[in-house]
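Could you slot chain B onto chain E? The hints should help.
This is what each chain is made of:
Protein chains: 2
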Amino acid sequence: MSEPLFRRLALIGIGLIGSSIARVAREKGLAGEIVVSTRSEETLRRAEELGLGDRYCLDAAEAVEDADLVVVCVPVGASGAIARWIGPSLKKGAILTDVGSTKGSVIRQMGEFVPDGVQFIPGHPIAGTEHSGPDAGFAELFRNRWCILTPPADADEAAIAKLTQFWQACGSMVDTMDADHHDLVLAIVSHLPHIIAYNIVGTADDLETVTKSEVIKYSASGFRDFTRLAASDPTMWRDVCLHNKDAILEMLARFSEDLSALQRAIRWGDGDALFNLFTRTRSIRRSIIEAGQDTAVPNFGRDIAEAGE
Amino acid sequence: MSEPLFRRLALIGIGLIGSSIARVAREKGLAGEIVVSTRSEETLRRAEELGLGDRYCLDAAEAVEDADLVVVCVPVGASGAIARWIGPSLKKGAILTDVGSTKGSVIRQMGEFVPDGVQFIPGHPIAGTEHSGPDAGFAELFRNRWCILTPPADADEAAIAKLTQFWQACGSMVDTMDADHHDLVLAIVSHLPHIIAYNIVGTADDLETVTKSEVIKYSASGFRDFTRLAASDPTMWRDVCLHNKDAILEMLARFSEDLSALQRAIRWGDGDALFNLFTRTRSIRRSIIEAGQDTAVPNFGRDIAEAGE
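Protein chains in written order, with full-length UniProt numbering: chain E, 1 to 309; chain B, 1 to 309.
Just so you know, the hints here were simulated from the structure itself, not pulled from any lab data.
Values in this document were obtained by computation on a predicted structure and should not be read as measured data.
Careful, some of the hints might be misleading.
Same chains, same names: a pair is fine if it fits in one copy or spans any two.
EDC-like cross-link-like pairs, simulated, lysine to aspartate or glutamate; straight-line CA separation at most 20 Å [unchecked claim]:
#, residue 1, residue 2
1, K162, D246
2, K245, E48
3, K245, E41
4, K28, D59
5, K92, D156
6, K212, D178
7, K212, D180
8, K92, D135
9, K92, D205
10, K92, D68
11, K212, E250
12, K91, D59
13, K91, E112
14, K162, D68
15, K245, D272
16, K162, D272
17, K212, D258
18, K162, E42
19, K245, D270
20, K28, E65
21, K212, E290
If we strip away everything but chain E, and leave its shape as in the complex, we get:
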């Protein structure tokens, strides 16, 4: 067996993403030793039961000692506190990265605690499910999905290359871009869809004229698709909303403008405007399927998956 990419990998946080990294790193032999840390005793015990690491620490500072790669996998609102905690214990020459859904805010929170000689290269694997916690992870989560790195202008090229190699070994394709652009892109492809999904499920839950039981029974007509995103981890998504505010507000404003125009077309019976919009949107789905980012099987193949369970 060849030499692992990193002698010691420390995972700070062991939810869906952290535990998926642990699993794939183990499966592919990417680290000589995997150290798992989380602030919850119960979660740490569960990680140990699942055999996700080689060593388990409640103390994040202890976990990162002598680690060559440290991956912070916590809700973005907690990244500043984690950096303050682990900063003094980071080894010279270590690579520090994260998996947060916002990048500008993570850089602002963590940057000041990164000691000289540590390579801080923020990252974001574009992968997930609606489930959370250490049991939800699986080794194939990153396969054929993109991972975005947002290295600072003065980042060490060798460190970027090594982290890129790590994500590729996890099954990902890797892009690099600047943090501001990342935050804008994610606001439209991820943050806005989640916010809209949470919102519509909330609206349906509040109706007096339609019962909750009716919403549930007839949900296969469209509504159920939104409930998957709206079942995502509330802490993670609260933090995303608080930490990518400007880009999200910008996208929300555009969405609402467009929705007003669509509402007007419905009110005034402008069938041509409706037909044109409804035709234009089909091509994006075709492109997503061609790019291997979704399945062409009807209904996301949920009936096939169900039958196979």
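For chain B alone, coordinates are given in the frame of chain E:
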């Protein structure tokens, strides 16, 4: 083999729903003869190639002659014209139904053309996929899904019972309610989700700062879920918007109000309000899964379906 439920079944329109009815009716022996009609020569030829019926007519009036059950499966905007066409040829004692996504408008359009002695019982199977046309149908489409009937107050009980039996034989569970309530329920569980999905895909398509290629590459972070609904048949959805205007505008107004409140919480950093909404919405998904209306497999099981293809 037992006597079929109907001696002759006429399907007017042979898209996703019509062709699924044809397939399941054949598979379960629900009709002695299946007559298929559609106004497009090309589609009719395709239906014949697929062997969906026993007889094929471009003339809808000819197709319904002597039929015991006539199911109109066309976009709701076309139902008035179809009723005018077939009305004089309907057999005394026949049951006339439809599968349209709006019911008040269909009743207003079709009602005046239904001759005395014909039982008109509007219906709506709550099932579908993002695909359309005769090739998209399959016999299992209605299995474990609800079908809503909206019979008029003076409808014949025996006819309602027979149509109920038909849908149950197709695999559905059947509810009856009045047309206005149907239109309100569907506005929230189906029409609003589709409109919102079309809208957000349109918003993403219009951005200058984020490229279309970026939207596609990173779509697995949430966006792709919306593109499925936004790939649905444009004619069908244009007609739904035009024919359930009042209920849709009411639900859109509520949605926008709620979205404004959510936007305000984001702008002012009200983490508690965000967390509360994001927690509340989880329980609806659990209920939908418990009711057998969606899968608990992560990501709708799309990866499993993909691997199985």
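Structure-based check of each hint:
no. : hint        : result
1   : K162 x D246 : neither (32 Å within a copy, 58 Å between copies)
2   : K245 x E48  : neither (36 Å within a copy, 56 Å between copies)
3   : K245 x E41  : neither (32 Å within a copy, 54 Å between copies)
4   : K28 x D59   : neither (27 Å within a copy, 64 Å between copies)
5   : K92 x D156  : within (13 Å within a copy, 84 Å between copies)
6   : K212 x D178 : between (44 Å within a copy, 18 Å between copies)
7   : K212 x D180 : between (41 Å within a copy, 18 Å between copies)
8   : K92 x D135  : neither (33 Å within a copy, 62 Å between copies)
9   : K92 x D205  : neither (52 Å within a copy, 45 Å between copies)
10  : K92 x D68   : within (9 Å within a copy, 83 Å between copies)
11  : K212 x E250 : between (33 Å within a copy, 18 Å between copies)
12  : K91 x D59   : within (16 Å within a copy, 80 Å between copies)
13  : K91 x E112  : within (16 Å within a copy, 82 Å between copies)
14  : K162 x D68  : within (11 Å within a copy, 71 Å between copies)
15  : K245 x D272 : between (35 Å within a copy, 15 Å between copies)
16  : K162 x D272 : neither (53 Å within a copy, 40 Å between copies)
17  : K212 x D258 : between (29 Å within a copy, 18 Å between copies)
18  : K162 x E42  : neither (33 Å within a copy, 57 Å between copies)
19  : K245 x D270 : between (34 Å within a copy, 11 Å between copies)
20  : K28 x E65   : neither (23 Å within a copy, 67 Å between copies)
21  : K212 x E290 : between (37 Å within a copy, 14 Å between copies)
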